[in-house]
Amino acid sequence: MAKRNLFAGGSRSRGLGLTLFSSEDMESIHLSTLEVLERTGVFVEADEALDIFADGGCSVDREQHVARIPPHIVEEAIAAAPPRVTLCGRDPRNDVVLEPGRVSFCTFSEGIMMIDVRTGEYRPTTKQDVADIGRLTDYLSQMDTYQISVVSRDVPTETYEIHNLQAALLNTTKPLGTGPLEPEDTRVVIDMAALVAGGMDELRERPLIYLCGCPVSPLKLTAGCTNFVIAAARAGLPALVISMAMAGGSAPVALAGTLVTHNTEVLATLVLSQLTERGSPFIYGSSTTALDLRFAAASVGSPECAMINAAVAYLAKQYRLPSFVAGA
Amino acid sequence: MAGANLIYGAGMLESGVTFDCSQLVIDDEIASMIKYAVGGIPVNDGTLMVEDIATVGARGDFLSMDSTLRLTRSQTQPRLIDRRVRAEWEMDGKSDMYARARAKALEIIESHRPEPLDAAIAERLRIMVADADQTIAGAAPA
Numbered sequence: 001m002a003k004r005n006l007f008a009g010g011s012r013s014r015g016l017g018l019t020l021f022s023s024e025d026m027e028s029i030h031l032s033t034l035e036v037l038e039r040t041g042v043f044v045e046a047d048e049a050l051d052i053f054a055d056g057g058c059s060v061d062r063e064q065h066v067a068r069i070p071p072h073i074v075e076e077a078i079a080a081a082p083p084r085v086t087l088c089g090r091d092p093r094n095d096v097v098l099e100p101g102r103v104s105f106c107t108f109s110e111g112i113m114m115i116d117v118r119t120g121e122y123r124p125t126t127k128q129d130v131a132d133i134g135r136l137t138d139y140l141s142q143m144d145t146y147q148i149s150v151v152s153r154d155v156p157t158e159t160y161e162i163h164n165l166q167a168a169l170l171n172t173t174k175p176l177g178t179g180p181l182e183p184e185d186t187r188v189v190i191d192m193a194a195l196v197a198g199g200m201d202e203l204r205e206r207p208l209i210y211l212c213g214c215p216v217s218p219l220k221l222t223a224g225c226t227n228f229v230i231a232a233a234r235a236g237l238p239a240l241v242i243s244m245a246m247a248g249g250s251a252p253v254a255l256a257g258t259l260v261t262h263n264t265e266v267l268a269t270l271v272l273s274q275l276t277e278r279g280s281p282f283i284y285g286s287s288t289t290a291l292d293l294r295f296a297a298a299s300v301g302s303p304e305c306a307m308i309n310a311a312v313a314y315l316a317k318q319y320r321l322p323s324f325v326a327g328a
Numbered sequence: 329m330a331g332a333n334l335i336y337g338a339g340m341l342e343s344g345v346t347f348d349c350s351q352l353v354i355d356d357e358i359a360s361m362i363k364y365a366v367g368g369i370p371v372n373d374g375t376l377m378v379e380d381i382a383t384v385g386a387r388g389d390f391l392s393m394d395s396t397l398r399l400t401r402s403q404t405q406p407r408l409i410d411r412r413v414r415a416e417w418e419m420d421g422k423s424d425m426y427a428r429a430r431a432k433a434l435e436i437i438e439s440h441r442p443e444p445l446d447a448a449i450a451e452r453l454r455i456m457v458a459d460a461d462q463t464i465a466g467a468a469p470a
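Chains as they are written, first to last, in this note's numbering: chain A, 1 to 328; chain B, 329 to 470.
It should be emphasised that the hints constitute simulated quantities derived from the structure, not laboratory data.
Treat the hints with care, since some could be wrong.
[Stated by the list, open to error] Some chain B residues judged to face chain A by a derived CB distance under 10 Å, without partners named:
#1 V353
#2 A386
#3 I409
#4 R411
#5 V413
#6 A415
#7 I437
#8 H440
#9 P442
#10 A460
[What the hints assert, rightly or not] Computed far set for chain A versus chain B, every beta-carbon distance over 12 Å:
#11 H30
#12 E45
#13 E110
#14 G177
#15 S250
#16 R278
#17 S299
Cβ coordinates follow ideal geometry from the N, Cα and C atoms, glycine included.
Given these sequences and hints, build the entire structure.
Put into structure tokens, the structure is as follows:
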């Protein structure tokens, strides 16, 4: 049999890939974002967040509630956030590492209607649904995290995230994505996770939950949004910030411009997270897509959505941040 | 393919308003197909298989080769997608993919028992939730 020595001297394929931008395109989007962050700034509703921006060296207009962020602070925040984030499961075998190039899948959050699996009926969601979907997600091998998918609509509105987390913790051993917005439910949600982890330090070591939420496009950081980002940074939990801009509505109609406002919103929260606690884990998220101007409806599953997702994955990779994008 | 790290939306319908457990089971299978595809085609001596090609020669077949048996599981093996010809599918009851996914979802929900939380911790969680209902939502004590 012929001896076959190792291949050398060439780059080997590591699978299918897609590159949407040249490095010049990337630089243009990045520089435009820096300009918007510095010149236009972002609206920041909560005083606590304004304080953090001001203390960190940003220019803050208290009357207008606008924070303007100079480029060097943005660049420092990008460099400070960890390129690799490990989301932990109650069962350590379900930990998932997010880092450039690794592809994972999960559910999405805050659904309010359910196709009943037993009857086929279309009905409002319940706490039992959170438990059932948790059990399914726990079982299915391709689901890497359980982003708590639906709202428990049969419990008090103010505490549904707390009920959601309880049902999810009882029925899943995978990492959990949860989206509390008010300081009160955020505190309880973190305490619950700490209880299961064995303490606050243990939770920081093994984050069983990651906190998720959204800015309001264009360029508005609500109190709920800054609250969860600050709380996550202080507790050492990953913050997943999902901008939901809609091209033609809450963002410029041209997709490059949409990416600029999208990127501005996410990087503004990244700055907030890193000014709160340097080095805290951060995930770059997107639900951004086009607004179908004929129907005034978000076009999900559209070519626009697919291209924006590819663009966001590329941006996040260049920033060396883990990314989170729409697949359905 | 762009290298996104966490791709969400499994089980969702209607732009994320509605959840469907059967759809989740289908999406899980689609995710496994996607992961297979983005893995690409590994090219090395073990996969080029020039020796096998020489052994089989022209006009033979590869079904009985050791390597075929050994690498059977390297192929995609969907459980919901049906690759059979129509006649076989008809003889087997003509179930559609959604019905198969729904049966699978029900089976998992009824039978899968994830490792339980420690009972004392579960009880303390229950108390925390009840406390929150009172202090945050102003609910009457249960």
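Handout entry: Index of numbered hints that the structure contradicts, given in increasing order
Key = 2, 3, 4, 5, 6, 13, 14, 17
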